[in-house]
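Enquirer: So you can see what is in the structure, the chains are spelled out below.
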Amino acid sequence: MDKTRELELKRIANDVRIGIIEGVYSAGCGHPGGSLSIADVLTYLYFEEMNIDPKNPKWEHRDRFVLSKGHTAPALYSTLANRGFFDVEELKTLRHIDSRLQGHPEMKGVPGVDMSTGSLGLGISAACGMALAAKYDKKDFRVYAVVGDGESEEGQVWEAAMFAAHYKLDNLVMVLDWNGLQIDGPITEVMNPTPHDEKLRAFGWHVITVDAHSFPEIEAALKEAREVKGKPTAIIAVSVKGKGVSYMENKCEWHGQAPKEDLYKVAIADLEKIAEELK
Amino acid sequence: MADKKATRESYGAALAELGEKYDFVVLDADLAAATKTGMFKKKFPDRFFNCGIAEGNMMSVAAGIASTGKTVFASSFAMFAAGRAFEQVRNSIGYPHLNVKIGATHAGITVGEDGATHQCNEDIALMRTIPGMTIINPADADEAYEAVKCAVTTDGPMYMRFGRFAVPNVVRDCVPDYKFELGKGVLLREGSDVTIAATGFMVHLALEAADTLAAEGISAEVINIHTIKPLDKDILVESATKTGAVVTAEEHNVIGGFGAAVCEALCEAYPVPVLRIGVEDTYGRSGKVPPLLEYYGLTAANIVDKAKRAVAMKK
Numbered sequence: 476m477d478k479t480r481e482l483e484l485k486r487i488a489n490d491v492r493i494g495i496i497e498g499v500y501s502a503g504c505g506h507p508g509g510s511l512s513i514a515d516v517l518t519y520l521y522f523e524e525m526n527i528d529p530k531n532p533k534w535e536h537r538d539r540f541v542l543s544k545g546h547t548a549p550a551l552y553s554t555l556a557n558r559g560f561f562d563v564e565e566l567k568t569l570r571h572i573d574s575r576l577q578g579h580p581e582m583k584g585v586p587g588v589d590m591s592t593g594s595l596g597l598g599i600s601a602a603c604g605m606a607l608a609a610k611y612d613k614k615d616f617r618v619y620a621v622v623g624d625g626e627s628e629e630g631q632v633w634e635a636a637m638f639a640a641h642y643k644l645d646n647l648v649m650v651l652d653w654n655g656l657q658i659d660g661p662i663t664e665v666m667n668p669t670p671h672d673e674k675l676r677a678f679g680w681h682v683i684t685v686d687a688h689s690f691p692e693i694e695a696a697l698k699e700a701r702e703v704k705g706k707p708t709a710i711i712a713v714s715v716k717g718k719g720v721s722y723m724e725n726k727c728e729w730h731g732q733a734p735k736e737d738l739y740k741v742a743i744a745d746l747e748k749i750a751e752e753l754k
Numbered sequence: 122m123a124d125k126k127a128t129r130e131s132y133g134a135a136l137a138e139l140g141e142k143y144d145f146v147v148l149d150a151d152l153a154a155a156t157k158t159g160m161f162k163k164k165f166p167d168r169f170f171n172c173g174i175a176e177g178n179m180m181s182v183a184a185g186i187a188s189t190g191k192t193v194f195a196s197s198f199a200m201f202a203a204g205r206a207f208e209q210v211r212n213s214i215g216y217p218h219l220n221v222k223i224g225a226t227h228a229g230i231t232v233g234e235d236g237a238t239h240q241c242n243e244d245i246a247l248m249r250t251i252p253g254m255t256i257i258n259p260a261d262a263d264e265a266y267e268a269v270k271c272a273v274t275t276d277g278p279m280y281m282r283f284g285r286f287a288v289p290n291v292v293r294d295c296v297p298d299y300k301f302e303l304g305k306g307v308l309l310r311e312g313s314d315v316t317i318a319a320t321g322f323m324v325h326l327a328l329e330a331a332d333t334l335a336a337e338g339i340s341a342e343v344i345n346i347h348t349i350k351p352l353d354k355d356i357l358v359e360s361a362t363k364t365g366a367v368v369t370a371e372e373h374n375v376i377g378g379f380g381a382a383v384c385e386a387l388c389e390a391y392p393v394p395v396l397r398i399g400v401e402d403t404y405g406r407s408g409k410v411p412p413l414l415e416y417y418g419l420t421a422a423n424i425v426d427k428a429k430r431a432v433a434m435k436k
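Each protein sequence line maps, in turn, to chains A and B. Plus 475 on top of the position in the first sequence (first one is 1) and you've got my numbering. Plus 121 on top of the position in the second sequence (first one is 1) and you've got my numbering.
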């Protein structure tokens with residue numbers, strides 16, 4: 476990957492993270508940890524990988540994205556806003572009574588949201604449906620879904636895994652945000668869903684493991700996925716929950732709460748410092 | 122009343138026929154032979170997708186396909202379509218108001234020998250609580266066919282309830298110029314003493330009961346409600362205004378279903394005594410259909426009895 480472009484993507488991802496914090500702080504609640512962990516993946520998808528048009532969000536040939544771990548909506552909204560689907564200022568209306576930015580993504584109201592999600596396990600199945608529709612309609616759009624590692628404890632994720640392999644959905648990429656933490660603790664302690672790589676291979680998927688915060692690795696994996704024929708690809712993206720905000724990193728307790736004013740300031744200062752470093 | 126046919130047969134036949142004109146897809150969960158979507162599969166194998174025994178996944182897959190602009194029929198037994206997959210139907214299909222038509226067969230007690238685990242008497246109640254969900258429960262094979270035709274050209278989520286057991290074709294016999302209209306009740310027989318509002322399998326029994334009542338000097342009006350949601354309140358209020366007493370009949374739990382919907386509507390608009398016939402908040406059991414119907418009181422005789430009691434309750 477071109478170094479200049481990598482730096483640019485890092486800056487965008489940092490802006491996405493600032494948007495996440497602004498949104499969650501303004502809402503007074505929400506899910507910053509898992510939003511920060513997928514910010515780089517979403518940035519790459521929306522700024523490099525996906526064939527989309529922010530001016531025409533319902534374009535029928537567009538690539539689709541499903542945030543199966545819908546509670547990390549702040550990351551999706553911030554990515555969409557930074558990509559030009561709507562104004563970044565609107566992020567500060569997250570979860571407000573008169574806002575279209577619902578606590579979990581809602582496809583009818585928000586430009587760029589391709590599927591309403593939030594109930595875990597449902598989104599990856601919907602992504603399978605989209606990928607199947609593309610095959611059936613002989614359209615060449617691709618479908619991307621982000622699933623949480625904790626979410627993979629839902630049986631439906633494995634029903635979908637079975638379905639995608641059965642129908643040879645090679646136009647589907649599932650990114651598993653592997654931050655290792657869920658609300659009640661480490662995933663291996665709460666209800667161990669590992670090893671994901673072996674399980675997904677056994678289900679018939681092509682599996683690639685990457686560092687979720689390395690753009691060259693994300694890029695290489697997504698390029699590889701395009702070459703895989705006859706099976707879906709899973710990218711296990713090993714991430715840091717809370718990435719970028721010092722006190723949130725690798726802390727379960729920041730899965731689902733917003734910082735108060737003092738810690739909000741620390742979070743913004745952390746991210747502004749990163750922005751300085753990226754200048 | 123010569124022809125007897127299960128409404129699920131019409132579901133399969135209608136899909137197979139309408140598939141020529143309309144570009145929809147059909148999903149099933151390993152029950153194509155029983156839900157009769159196999160008839161569509163045989164004719165349009167490229168547009169049929171078996172999802173295996175994974176109904177939750179099927180409903181969300183249906184939503185994903187529908188989000189790309191397609192109409193999708195998703196089929197299973199009522200127990201699994203409305204019961205097991207309730208949350209997927211609500212969140213993946215209902216909330217985004219997607220164009221998925223759920224074809225739920227083997228509804229109610231008339232499943233027969235398979236017994237309680239497969240006799241779904243709760244699906245209408247479950248589906249009624251989903252905002253924007255249309256619910257159709259056809260009375261006979263003819264009406265079931267018309268309902269599927271309507272589903273193909275109607276936007277939004279829809280739950281269609283079909284039975285396993287053969288029923289006589291009665292609606293067109295009563296109304297020669299019958300035309301299926303979504304959300305409109307069908308007046309099958311005029312009367313002045315009591316209204317029998319029936320849905321689905323119970324409609325032909327309501328007509329039978331009206332005959333018996335007539336012989337005893339009680340004039341019963343019979344209304345077929347195929348669309349349970351949105352409910353045709355006007356026809357109910359109009360009839361209740363005329364007769365002053367109502368009996369409802371459904372092959373479903375009396376809690377939360379059709380009878381409950383009628384009570385809610387009449388309580389708010391024109392309160393009259395309403396007696397409900399249905400499964401009395403209990404589970405089904407194995408057996409042949411005729412003794413099962415006796416066991417649960419889903420009979421013309423019970424409708425007659427309740428109609429008389431409703432008449433007696435009038436002020």
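Everything labelled a hint here was simulated from the structure, so no lab data went into it. All values derive from a computational prediction rather than experimental measurement. The C-beta atom is built at its ideal place from N, Cα and C for all residues, glycine as well. A couple of the hints might just be wrong.
[To be verified] Straight-line distance between alpha carbons at most 25 Å, and here's what the computed DSS-like set of lysine-lysine pairs gives:
# : chain 1 : residue 1 : chain 2 : residue 2
1 : A       : LYS614    : B       : LYS142
2 : B       : LYS142    : A       : LYS613
3 : A       : LYS610    : B       : LYS163
4 : A       : LYS735    : A       : LYS754
5 : A       : LYS614    : B       : LYS429
6 : A       : LYS567    : A       : LYS613
7 : A       : LYS613    : B       : LYS409
[Stated by the list, open to error] Far from chain B, by Cβ distances over 10 Å, these chain A residues were calculated:
#  : residue
8  : GLY503
9  : GLU581
10 : LYS583
11 : SER591
12 : LEU597
13 : PHE638
14 : VAL703
15 : ILE749
Enquirer: Has the given pair, A:LYS610 with B:LYS163, been kept, meaning a C-alpha gap of at most 25 Å?
Expert: holds (20 Å)
Enquirer: Check the non-interface label on A:LYS583: least C-beta distance to chain B beyond 10 Å or not.
Expert: Check fails; 6 Å does not lie beyond 10 Å.
Enquirer: Hey, does A:GLY503 actually stay past 10 Å from chain B on C-beta?
Expert: Holds, because the least Cβ-Cβ distance between A:GLY503 and chain B comes to about 24 Å, which exceeds 10 Å.
Enquirer: Confirm or reject: A:ILE749 is not an interface residue toward chain B, with every Cβ-Cβ distance exceeding 10 Å.
Expert: The assertion about A:ILE749 holds, with a minimum of 36 Å to chain B.
Enquirer: Take the C-alpha atoms of A:LYS567 and A:LYS613, compute the straight-line distance between them, and say whether it is at most 25 Å.
Expert: Not satisfied, since the Cα-Cα distance of roughly 40 Å exceeds 25 Å.
Enquirer: Take the C-alpha atoms of A:LYS613 and B:LYS409, compute the straight-line distance between them, and say whether it is at most 25 Å.
Expert: violated (48 Å)
Enquirer: Holds or violated: A:LYS614 and B:LYS429, Cα atoms, limit 25 Å.
Expert: Violated, at roughly 62 Å.
Enquirer: Looking at A:VAL703 again, its CB stays over 10 Å from all of chain B?
Expert: holds (20 Å)
Enquirer: May I ask you to check that A:GLU581 keeps its beta-carbon over 10 Å from the closest beta-carbon of chain B?
Expert: Not fine: 8 Å to the nearest Cβ puts A:GLU581 too close to chain B.
Enquirer: Could you grab the alpha-carbon distance between A:LYS735 and A:LYS754 and see if it respects the 25 Å cut-off?
Expert: Not satisfied, since the Cα-Cα distance of roughly 28 Å exceeds 25 Å.
Enquirer: Checking one constraint from the list: CA of A:LYS614 to CA of B:LYS142, max 25 Å. Satisfied?
Expert: Holds - the C-alpha atoms of B:LYS142 and A:LYS614 are around 21 Å apart, at most 25 Å.
Enquirer: Compute the least Cβ-Cβ separation between A:PHE638 and chain B, then decide whether it is above 10 Å.
Expert: Check fails; 6 Å does not lie beyond 10 Å.
In summary, the structure is inconsistent with hints 4, 5, 6, 7, 9, 10, 11, 12, 13 from the numbered list given earlier, while agreeing with the others.
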